[in-house]
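Asks: Line by line, the protein sequences are chains A and B. The first sequence begins at 1 in this note's numbering and counts up one residue at a time. The second sequence begins at 1 in this note's numbering and counts up one residue at a time.
Treat the hints as calculated values from the structure; they're not laboratory data. Take the hints with a grain of salt, since some may be wrong.
The list treats identical chains as interchangeable, and a pair is accepted whether it falls inside one copy or across any two copies.
Pairs of lysine-lysine, DSSO-like flavour, derived with a Cα cap of 30 Å [stated by the list, open to error]:
1. Lys176 / Lys325
2. Lys203 / Lys326
3. Lys27 / Lys166
4. Lys113 / Lys236
Here's the letter readout for the chains.
2 protein chains.
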Amino acid sequence: MKKKKIDAYAKAGVNIDAGNEAVRRMKAHVRAARTPQMLADIGSFGGLFQLPAGYQQPVLVGSTDGVGTKLLIAGALKQYHTVGQDLVNHCVNDILVQGAVPLFFMDYFATGKLQPKVAEQIVKGLSIACRENGCALLGGETAEMPGLYQGEDFDLAGTIVGIVEKKNIIDGRAIKPGDVLLGLPSSGLQTNGYSLARQIFFKQLNYKPATYVPELKTTVGEALLRVHRSFLPVVKPLLKAFKIKGMAHITGGGFIDNLPRILPENRRADIRLNTWPVLPVFQFMQERGNIDQATMFRTFNMGIGMILVVGAKDAPVIMRSLREKKEAVYRLGEIAAGPRGVLLV
Amino acid sequence: MKKKKIDAYAKAGVNIDAGNEAVRRMKAHVRAARTPQMLADIGSFGGLFQLPAGYQQPVLVGSTDGVGTKLLIAGALKQYHTVGQDLVNHCVNDILVQGAVPLFFMDYFATGKLQPKVAEQIVKGLSIACRENGCALLGGETAEMPGLYQGEDFDLAGTIVGIVEKKNIIDGRAIKPGDVLLGLPSSGLQTNGYSLARQIFFKQLNYKPATYVPELKTTVGEALLRVHRSFLPVVKPLLKAFKIKGMAHITGGGFIDNLPRILPENRRADIRLNTWPVLPVFQFMQERGNIDQATMFRTFNMGIGMILVVGAKDAPVIMRSLREKKEAVYRLGEIAAGPRGVLLV
Numbered sequence: 001m002k003k004k005k006i007d008a009y010a011k012a013g014v015n016i017d018a019g020n021e022a023v024r025r026m027k028a029h030v031r032a033a034r035t036p037q038m039l040a041d042i043g044s045f046g047g048l049f050q051l052p053a054g055y056q057q058p059v060l061v062g063s064t065d066g067v068g069t070k071l072l073i074a075g076a077l078k079q080y081h082t083v084g085q086d087l088v089n090h091c092v093n094d095i096l097v098q099g100a101v102p103l104f105f106m107d108y109f110a111t112g113k114l115q116p117k118v119a120e121q122i123v124k125g126l127s128i129a130c131r132e133n134g135c136a137l138l139g140g141e142t143a144e145m146p147g148l149y150q151g152e153d154f155d156l157a158g159t160i161v162g163i164v165e166k167k168n169i170i171d172g173r174a175i176k177p178g179d180v181l182l183g184l185p186s187s188g189l190q191t192n193g194y195s196l197a198r199q200i201f202f203k204q205l206n207y208k209p210a211t212y213v214p215e216l217k218t219t220v221g222e223a224l225l226r227v228h229r230s231f232l233p234v235v236k237p238l239l240k241a242f243k244i245k246g247m248a249h250i251t252g253g254g255f256i257d258n259l260p261r262i263l264p265e266n267r268r269a270d271i272r273l274n275t276w277p278v279l280p281v282f283q284f285m286q287e288r289g290n291i292d293q294a295t296m297f298r299t300f301n302m303g304i305g306m307i308l309v310v311g312a313k314d315a316p317v318i319m320r321s322l323r324e325k326k327e328a329v330y331r332l333g334e335i336a337a338g339p340r341g342v343l344l345v
Numbered sequence: 001m002k003k004k005k006i007d008a009y010a011k012a013g014v015n016i017d018a019g020n021e022a023v024r025r026m027k028a029h030v031r032a033a034r035t036p037q038m039l040a041d042i043g044s045f046g047g048l049f050q051l052p053a054g055y056q057q058p059v060l061v062g063s064t065d066g067v068g069t070k071l072l073i074a075g076a077l078k079q080y081h082t083v084g085q086d087l088v089n090h091c092v093n094d095i096l097v098q099g100a101v102p103l104f105f106m107d108y109f110a111t112g113k114l115q116p117k118v119a120e121q122i123v124k125g126l127s128i129a130c131r132e133n134g135c136a137l138l139g140g141e142t143a144e145m146p147g148l149y150q151g152e153d154f155d156l157a158g159t160i161v162g163i164v165e166k167k168n169i170i171d172g173r174a175i176k177p178g179d180v181l182l183g184l185p186s187s188g189l190q191t192n193g194y195s196l197a198r199q200i201f202f203k204q205l206n207y208k209p210a211t212y213v214p215e216l217k218t219t220v221g222e223a224l225l226r227v228h229r230s231f232l233p234v235v236k237p238l239l240k241a242f243k244i245k246g247m248a249h250i251t252g253g254g255f256i257d258n259l260p261r262i263l264p265e266n267r268r269a270d271i272r273l274n275t276w277p278v279l280p281v282f283q284f285m286q287e288r289g290n291i292d293q294a295t296m297f298r299t300f301n302m303g304i305g306m307i308l309v310v311g312a313k314d315a316p317v318i319m320r321s322l323r324e325k326k327e328a329v330y331r332l333g334e335i336a337a338g339p340r341g342v343l344l345v
């Protein structure tokens with residue numbers, strides 16, 4: 001099984017031993033994230049994935065993403081597996097909002113100097129999250145490019161492919177006034193807003209990643225590295241039982257940028273502040289960093305990682321079903337007629 | 001249509017105007033590489049692609065790759081669209097060897113400082129190659145990370161997803177002694193061996209990218225930026241008409257590393273030197289760079305971009321059919337019994 005084409009780079013003033021060691025270290029993690037649909041890949045150049053049966057008009061949903069500057073925090077703390085989890089979970093959520101469940105994931109890991117233990121930790125994280133989401137880790141690429149990346153700096157990106165029955169695609173088209181906005185809580189910054197967060201914590205406040213912050217009951221590093229939550233386990237049962245009209249993954253740009261992506265023309269989302277607990281990390285950044293509220297809401301998820309738009313009658317039933325499973329859910333507001341956008345009220 | 005999530009990075013000390021301009025510049029190129037299977041993506045977080053009908057047991061084949069340090073040559077010459085083509089064609093070839101035809105492609109473009117014109121040229125190249133290969137450009141991610149990439153430095157990676165009928169997967173399993181190795185010519189270095197090539201041309205010989213090399217009848221830069229050839233147009237008709245037992249895309253590691261990836265146990269590939277024209281760029285690097293032959297063959301494709309393994313009876317028929325279409329093809333050697341590997345004879 002050939003997960004990584006590291007040896008291809010051995011001629012690049014690149015350490016072939018490091019490459020081999022990385023492949024050896026990654027192997028068990030990659031194997032752990034196999035799924036039955038993955039076909040044995042003897043001498044494969046690409047990864048083979050047999051399409052699950054039972055779809056009438058299967059539609060594939062693909063999304064590519066990176067981890068952004070959360071990587072720099074991981075590097076500073078030398079904690080690497082969680083950014084692997086972040087990346088997979090982020091991608092899972094990005095296709096979930098269209099009603100798709102994940103099939104497989106592939107990563108791109110590029111660095112100036114390959115550290116086998118770092119590569120192993122990254123792939124371990126990918127593997128953990130792939131298993132948690134029932135997603136195959138189908139393959140990936142590891143590149144050592146000393147001319148482009150400085151030393152042990154690295155970048156990490158990934159692509160997910162999922163599937164949805166055509167008639168079950170969620171596209172927000174049916175959203176109408178009176179529909180209800182339900183919010184599912186995030187675990188922290190998820191994977192967005194790190195440039196501003198780094199500026200506040202490390203430049204304005206002059207903290208170190210290891211600085212303990214009483215208000216957060218943890219260190220800055222731990223608070224900032226909280227794993228991006230996958231909403232698949234919570235949302236998947238809802239997709240079968242209820243009519244979900246629209247879903248927005250609250251990533252970079254916050255409510256303001258992400259909610260309008262699923263709203264039809266002349267539909268406005270009215271969100272009432274104080275209907276959910278803003279996480280302490282956001283309160284802390286807003287107060288101590290002296291950041292205005294508009295910037296906060298345009299940069300961070302503020303404690304809500306996923307928003308569902310559902311009919312007014314379904315809303316209380318869905319909320320009850322989630323709370324019975326001990327899942328937190330907040331009624332954030334309603335859809336109104338008006339220019340497409342988000343109104344914080 | 002939301003191809004690029006650039007605005008999500010606007011808070012990162014990142015230039016939102018550059019992001020918007022890049023999106024505007026990319027738009028036409030992205031639109032040009034739509035295919036009918038792509039569904040209108042209102043407010044999409046991921047790209048939607050309806051699976052073509054007519055497959056009994058559809059198997060998806062995925063591959064992720066980067067362009068490697070060919071990017072540095074592109075940067076030096078400020079010629080960007082061709083590396084976009086390189087990346088798509090490379091990926092197309094990587095899944096073609098398993099018998100798959102491409103469905104869609106997604107890119108990851110990360111840079112220290114977003115240059116809208118550079119991003120446009122890259123996406124233009126992706127779009128050109130996607131159209132040439134009948135592949136949808138389904139989406140992508142553009143990230144501006146000044147903390148990780150220096151200035152205008154950038155990295156480019158991509159993921160392709162293709163499809164093959166399960167019973168038509170090409171896996172080399174049936175390769176047996178007496179089978180024939182046919183070689184299809186490469187256009188140049190394709191996308192591999194650039195670190196060694198840069199060392200020879202720019203360090204040992206002290207050339208500049210603009211240096212004209214009489215032996216190559218062109219400048220170093222032009223010779224090194226030749227577009228990675230897609231073998232899909234040549235190979236696709238062969239897949240329907242003939243039994244292709246195995247195919248190897250000759251990438252990093254050359255014949256030596258890539259051919260064994262498709263050979264069964266106890267099958268050796270005997271390749272006769274001088275059965276194909278080694279491209280002048282390789283001759284030049286070997287002689288002037290004083291590189292031994294083993295290193296050359298372990299680093300470069302030496303003029304052969306794709307190798308097909310076919311039955312002895314099929315070989316002359318296939319060669320004739322290609323030559324009738326004015327396609328060059330070389331009989332490189334045969335499969336023998338022996339420890340899995342490549343013997344240059």
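Asks: Going through the earlier hints one by one, which of them does the structure break, listed in rising order?
Replies: 2 and 4
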